[in-house]
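Line by line, the protein sequences give chains A and B. Counting from 6, one number per residue, gives the positions in the first sequence under the numbering used here. Counting from 4, one number per residue, gives the positions in the second sequence under the numbering used here.
These are calculated hints, taken from the structure and not from any lab test. Accuracy of the hints is not assured; some may be wrong.
What the hints assert, rightly or not - Calculated Cβ distances over 12 angstroms to all of chain A for the following chain B residues:
| hint | residue |
| --- | --- |
| 1 | L6 |
| 2 | P26 |
| 3 | H30 |
| 4 | D61 |
| 5 | Q62 |
| 6 | F70 |
| 7 | R137 |
| 8 | R138 |
| 9 | E154 |
| 10 | H156 |
| 11 | P265 |
| 12 | H282 |
Said to hold, decoys possible - Facing chain A, a subset of chain B residues (Cβ under 10 angstroms, in silico):
| hint | residue |
| --- | --- |
| 13 | A74 |
| 14 | T94 |
| 15 | F103 |
| 16 | G217 |
| 17 | P224 |
| 18 | A279 |
| 19 | L280 |
Here a beta-carbon is modelled for each residue, glycine too, at the ideal position from N, C-alpha and C.
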Amino acid sequence: MTRSSSLAVALGVIGVVFIVIAALYAVGVLQIATSSASGPHYKHAILFAVLAVASFVGANFARPKAAT
Amino acid sequence: MGLLQGASELFPVSSLGHAVIVPSLLHWSFKQSDPSFVPFLVLLHLGTATALLVLYRDQWVAIVRGFITAAIRGQMKTDTERLAMLLLVGTIPAAILGVFLESRIKSLFASPYLAAGFLVVNGILMLGFETIRRRAERRAALAGESRREQEAHFGSAERISFVAAAIVGACQALAFLPGISRSGVTIGGGLLAGLRHEEAARFSFLLATPVILGAGLVEVPGLFQSGVPVGEYLAAAVLAGVAAYASARFLLRYFRSGRLDPYGWYCIAAGLASLALLHFKP
Chain A
6 MTRSSSLAVA LGVIGVVFIV IAALYAVGVL QIATSSASGP HYKHAILFAV LAVASFVGAN
66 FARPKAAT
Chain B
4 MGLLQGASEL FPVSSLGHAV IVPSLLHWSF KQSDPSFVPF LVLLHLGTAT ALLVLYRDQW
64 VAIVRGFITA AIRGQMKTDT ERLAMLLLVG TIPAAILGVF LESRIKSLFA SPYLAAGFLV
124 VNGILMLGFE TIRRRAERRA ALAGESRREQ EAHFGSAERI SFVAAAIVGA CQALAFLPGI
184 SRSGVTIGGG LLAGLRHEEA ARFSFLLATP VILGAGLVEV PGLFQSGVPV GEYLAAAVLA
244 GVAAYASARF LLRYFRSGRL DPYGWYCIAA GLASLALLHF KP
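Sequences are here, hints too, so could you generate the full structure?
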């Protein structure tokens, strides 16, 4: 993966956005692309939580490392 | 049903397709349109996932450790760390497609005709994967060598590229179509990515575990709410797990030198026979 500070920041921000989306699905506020129009959607919430973790991992991989 | 699902889940013959077709052919009192049908199947899949966790328990411990280490360090230094990241990359496309396409795909579940048709397609895919693999073997001038020597020229799961892992992972979503085998398309994808048959099967089994577990954990509460015989269903899940464990052990041994062809021919024959039986049944 190409290492750059801007990519790391972007992935970090995306991760935060995914966490917010996960929380909105979990409390039932967000109903986009769901099979029922009311209630919490835990499957969607878990998916976006996993995507958030993946984004943060990607951000850490993209972060420039100090030479050892 | 538990034995059937467990035995057929890891074989590249589509457990879901069999679960939809067989009860219809045998007139089992199983309503596939019943709201508890999919959670029941998911419970059986949980049995399978548990079997895979038991089979690969040491590897999973190493993979989880490797994932945490690599994620914190921001670098992959070992094959296990790379495999952990490959599994993450491979799982995400299947999870996204599964979550967002699930409700549309569920509407196909109730049709044994569709399942039988997709079973034929699955068989053609298996034969196609092996045809492409044989071309690769011819290009590498491996024609005169034994099967084990041929296999030795191909790679291990840890060496697959990240793009290939994502594509193989996305292929898992095809298995939401009853009749298309998750293990079949992922083993086939692994073969196209240059893995040995045994390694393609191992990568397929490792890749399937988080998706099956994740799907199971969110569906099971619905099963317990629907007033179904939970004891019977749990017994079926245990049977599925035992059958899946035995199947996985058999397949890993089989794929040391075996190919997908027999399963491809089986799927075509079973799909066509099912279509005929469904059409002419009283």
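Interface hint outcome for F103 (chain B) [beta carbon to chain A under 10 angstroms]: 5 angstroms, holds
When the least beta-carbon distance from P224 (chain B) to chain A is tested against 10 angstroms, hint result: 9 angstroms, holds
Distal placement of H30 (chain B) relative to chain A, Cβ over 12 angstroms: Holds: least Cβ distance 30 angstroms, greater than 12 angstroms.
Least C-beta distance between L6 (chain B) and chain A, which was stated to exceed 12 angstroms: The claim stands: L6 (chain B) keeps its Cβ more than 12 angstroms from every Cβ of chain A (closest is about 28 angstroms).
Status of the hint placing L280 (chain B) at chain A (closest C-beta pair under 10 angstroms): Where the cut-off is 10 angstroms and the nearest Cβ of chain A is about 32 angstroms from L280 (chain B), the hint is violated.
Status of the stated non-contact between E154 (chain B) and chain A (beta carbon gap over 12 angstroms): Given a closest Cβ separation of 31 angstroms, the condition holds.
Status of the hint placing A74 (chain B) at chain A (closest C-beta pair under 10 angstroms): 5 angstroms, holds
F70 (chain B) non-interfacial with respect to chain A [C-beta, more than 12 angstroms]: 8 angstroms, violated
D61 (chain B) and chain A, when compared Cβ to Cβ, separated by more than 12 angstroms: D61 (chain B) is indeed farther than 12 angstroms from all Cβ atoms of chain A, at 23 angstroms.
Closest CB of chain A to the CB of R138 (chain B) still more than 12 angstroms away: 32 angstroms, holds
Hint check, T94 (chain B) versus chain A [nearest Cβ-Cβ separation less than 10 angstroms]: It holds, given that the least Cβ distance between T94 (chain B) and chain A is near 8 angstroms, below 10 angstroms.
Cβ separation check - H282 (chain B) to all of chain A, threshold 12 angstroms: Holds: least Cβ distance 32 angstroms, greater than 12 angstroms.
Hint compliance for this structure: hints 6, 18 and 19 are broken, all remaining hints hold.
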